[in-house]
Amino acid sequence: MSGLPQLVNADLLGALLLYTTPILLAAIGCVFTQQANILNIAMEGMMLTAAFFAIAVGAATQSVPLALAGAILSAMLMSAIFAYVVLVLGADVFVAGIGINLLADGVTVFLLERLYKNEGSFTPDTFPTLWRLTLPADWANQPVLGLLYHMLNGQTVIVFTALILVVVSHIVLYRTKIGVHIRATGENPEAVEAAGLNPTTLKIITVMISGACAGLGGAQLAMATLNQFVREMTNGVGFIGLSAEIFGNATPFGTLIASAVFGLANAVADRVQVIPALNVSPDLVLMLPYVVTLIALTFAMIQRRRGRIA
Amino acid sequence: MTTTTPLIELKGITKRFGNLVADDHVDLSVAEGEIQALVGENGAGKTTLMNIVFGLLHPDEGEILLRGKPVTIRSPLAAARLGIGMVHQHFKLVPSLTAAENIFLGREPGKGIMVQGADTVRMAAELAERYQLEIDPRARVRFLSVGQQQRVEILKALSYDAHLLILDEPTAVLTPQETEELFHVVRELRARGKTVIFITHKLNEVRAVADRFSVMRDGKLVATVATGEATEADIARMMVGRDVLFRVTKPEGTPGRTVLQVHGLSGLRVDGTPAVRDVSFEVHAGEIVGIAGVEGNGQSELAEFICGLRPPTEGRIDIDGVDVTRQSVVERRSAGLAFVAEDRMDRGVSPSMSIAENLAAPHYRRAGLATRGIVSPGRLRRWARSLIRQFDIRNAQPATPAQSLSGGNIQKVVLARELTSEPKVLLAAQPSRGLDVGATESVHRTLIEQRSEGRAVLLVSSELSEILSLSDRILVMYRGRVVHETAGRDATDEGLGLYMMGLKSDHPGESR
Amino acid sequence: MTRDSIPLDEENTAARFSGALRSVGNAVLQPIMTIVFALLIGVLVVVAIGQDPIAAYHAFLFGSFDNALDFGNLLAKATPLITTGICVMIAFRGGAFNIGGEGQMYLGAFWGAVAGFTFVSLPGPLLIVVIILVAAVAGGLWAAIAGILKALWEVDEVVSTLLLNYVAMLLTQYLVDNQFKDVTAGAPMTTYVANQAWLPQILPPSAVTVGLLIALAVAIGTWFLMFRTVWGARVRAVGTNRRFAQAMGIDVRRVLIQTMFISGAVAGIGGAIEVMGVEHRFYQSFSPGFGFLGLTAALLGRLNPWGTLAMAFVYAALLNGAAIMQIQTPVPNPLVNILSGIIVVLMTAQARPSIARFLRRKGAAA
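Residue numbers (the working numbering), protein chains in the order written: chain H, 1 to 310; chain R, 311 to 822; chain A, 823 to 1188.
To be clear, the hints were calculated from the coordinates, so they are not data collected in a lab.
It cannot be assumed that every hint is accurate.
Here are a few chain H residues that face chain A, going by a calculated C-beta distance under 8 Å [as the list claims (entries may be wrong)]:
#	residue
1	I81
2	V85
3	L89
4	G106
5	V109
6	F160
7	V230
8	F239
9	T298
Covered by chain A, per the in silico footprint, the following chain R stretches (three or more residues, Cβ under 8 Å) [claimed, not checked]:
#	segment
10	595-609
11	662-670
12	681-690
Don't be surprised by glycine CBs; every beta carbon is placed ideally from N, CA and C.
Just need the whole structure built from these sequences, with the hints factored in.
Next comes the structure, spelled out in structure tokens:
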């Protein structure tokens, strides 16, 4: 169909990276908690909190490092509450996770109303710019460099951090002692206890790590394109990230691929909206990420079941 | 016996769980460098005792002396520091980590945060070499055989420089070949000056390796004998002989037609290991057939296959001549099967639902409690009340939740529900488990009544006294096979005990 | 990480739910304590933003009862909470966590509206019944998707219903933007439902309509279904002890799917009530998150129909109160959302966790 070349071009790569990043960060956070056998439903709420405080702190201080700190710390605070309620107070992980999401929504909207007199969104007049990669403009038209240009030019520091984080996560989980302990906790907490370690402490650590990842993810969402916060702006990205982690088998690299798949769906949805020639309703295309996620998840469970019976 | 100080001595160790006395003033002594077996039936208190030695439990009374000095063992780590190691029946291994990683979990070599893979492997290899225990340190535990996994566990215990190694039912999960290899390992350990305590109920295997036996029964230590001194019959008597608390007098039975027939049934456990091997037997109307055996020899799985809760891999099950092997639970119930599951809280009742609803669950249509799917609360209540009366369920109103009842009364609810449909076959698995004497008596009386009314009763129990008291015919299961069949009146506990412990078999040459 | 340890297999799912159900079904005191605790936090928040907590809480807690208008609005707010709360309750009782009430409600509302302006020749009461049926089927089928995925392949229904939420809302948005758009209206919405299906108000000028009575009927009907039918007993058996249900010969997978269907159907009916009662047509943002608010009410209501009903009213009072509070004092309305979150977070927390852990360790018998 016409318009397809406009869709499938180098710009798509850029959109791909842009949309994959928050999913990837959510997914990496979920990888850590999943390795300790916690299904992190609260990721969504943690990211929403981070997105808000990224904008709020950034607008107030006009400082990028402080904005990022605000995002990460606020998300980690949420994750600390989650960890406390579930791991220390013994609450049900699902109910508590949903509670965190409700709490995040409540807090962010409350503060939106209170601080900015607008329950819907907050767009600061001035906002410090997040560091972005700038590649030489003359790369744009060259074959290989052009691809790199369209893909990487203008991407925020968080994007690159996320990619590095994939590698770092892999190293931490598979090459450090604490990674071994975390993985052991997820599989057999009794063995961990018998070894003299504390599985609860390890679980709390993974939740806090996921909070930090959520912080970065939320910051990316808020600061990558439009420096603004809109209520409920995460729109399910936390759950997509969770699904990516499940689909990617709770490994960092598997999750990277899964996140890219879901990110692609998002990117296509985004690009399609600006290509009138394709004549596809934006609503339908926006459905794509969720539908793809659900299908992928189902597929993963079918495979898993087969693997277990076989 | 020499008069040197024993390596470890337990004096008057007592442990209670509520009203249950798991260990009753146990005196045990283990000499340095010996292999001692701790034998007894399920529930004799062996594992509890060893868990106390290993620091997982704290004794209510008594003391432990290590080389003559009293010690308090607060935790497994403390035990490890005292040189005591234990390998449990259910391994505490992490499947996706390697053998080396499992052995040194929490004690990884190297100062920094990074794992020193090569060093860990080297240390594990050295350890294996030292004790002549062959394992591949680099292999992921998930891919190791059970015997190999056990070796990893043993190495883990030894890596703490254990002088005393406790093995809990180590041969329960091993093939005969692996068992031989284990014995070789244990002998090697003894040669290196280690002391080993073995918990087991498999006498025939242990005789090959142990220097001495200590027999426990009902929480008490009955005797400690050197291996050569006692005959098999002596040991069996020590293990199972008891004053039977009561013997329900039963009238002479008149068994009728074959109601339940099992042909060549084989099947696996949930984890894929063989549980039941080529089991065949019949149960006639008006008779109680008891399946005896120490738990873990396939009886639970056999019950599940017969009830239709899990599918067997081979074989046939007939109820009153009808082949039900492929039928669902519901269909088997219609064919006349009823069952009392072995864990009443797990499968027997829904604890939070009302007694009436628990009673009625499979019976709404049959008992006319509902018209077109709509329950008549009045009819349900009356029906439930009559059952409560009929089965003498105490402290029970139709509306009270099932979990508010005592264990014995919950079991009565289960029996009431299962028996009200006047089944042809009743399968009762561990029916008096966890019940006090009065409740047990009541259950037994009910089973005898059912027999008098012409039902076929299949009793699966690891309580030998129950089997002896109730059964017209007794089958003994060992390692998934029926190794013995006898008439109830001809059976003795010692006689059955020999078969239960694997010391004798009616079909000795059978391939494992 | 082995797949075996993901808590999605049969035994663990049942254990997870009986655990949560047990902890949610514990003391009657707990919901009250949780609400009180949340209210106390709210006081702190109000003080923190420099406002007078007494004035704020006076409006918040009692504002709905000062006059008929506010009371009527309270009842109007309670109406959708009743249905979404009952929706969650049904699923949970059957062992499933249906978080997709919002999406199911949207689909019910949408297709109910379509029925409403399609079958215009039907007399009033009949048309209302048709709308309700269509809405129920729409919501039910949507929830059944998640039910099927769970029954067949153990796809976690929390994730699937949440994802389907987004899909549902986008789907209705698409349909409203395109095929079913009312070009005369300023914003994306469908044409009006036929006049005879407009639910009359029962306490004008407040917003409460006959829909409240329909919601109450649904609540009563649900009670009957869950506690007076054989089907309901089966559902509750599956929800409380799956292995017991199997032993009774219940087809657990089929019951699961049926439970999700009924659960979604109730949410769908709730959507239809909103459409018929409020704007009289479907518009995209008709629900300010009724799905999740209903979830809170259901959890607070200890997952039985009467508790859920009661809590729907209590909750609606809080929601309405917050709106009044925002008018009368400078405290923002979303305070109630914060309180919601706190309540749900704390809802299943055990009072003495350290004791529970201690008991678990020392009790290991031979």
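Hint-by-hint comparison with the structure:
1. I81: Holds - the Cβ of I81 (chain H) comes within 8 Å of chain A, reaching about 7 Å at its closest.
2. V85: 6 Å, holds
3. L89: Where the cut-off is 8 Å and the nearest Cβ of chain A is about 4 Å from L89 (chain H), the hint holds.
4. G106: This hint holds: G106 (chain H) lies near chain A, its Cβ roughly 3 Å from the closest one there, short of 8 Å.
5. V109: 4 Å, holds
6. F160: 27 Å, violated
7. V230: 14 Å, violated
8. F239: 5 Å, holds
9. T298: 5 Å, holds
10. 595-609: violated (count 0)
11. 662-670: holds (count 4)
12. 681-690: This one holds; 4 residues, not fewer than the three required, reach chain A with a Cβ under 8 Å.
This entry does not satisfy hints 6, 7 and 10, going by the numbered hints stated previously.
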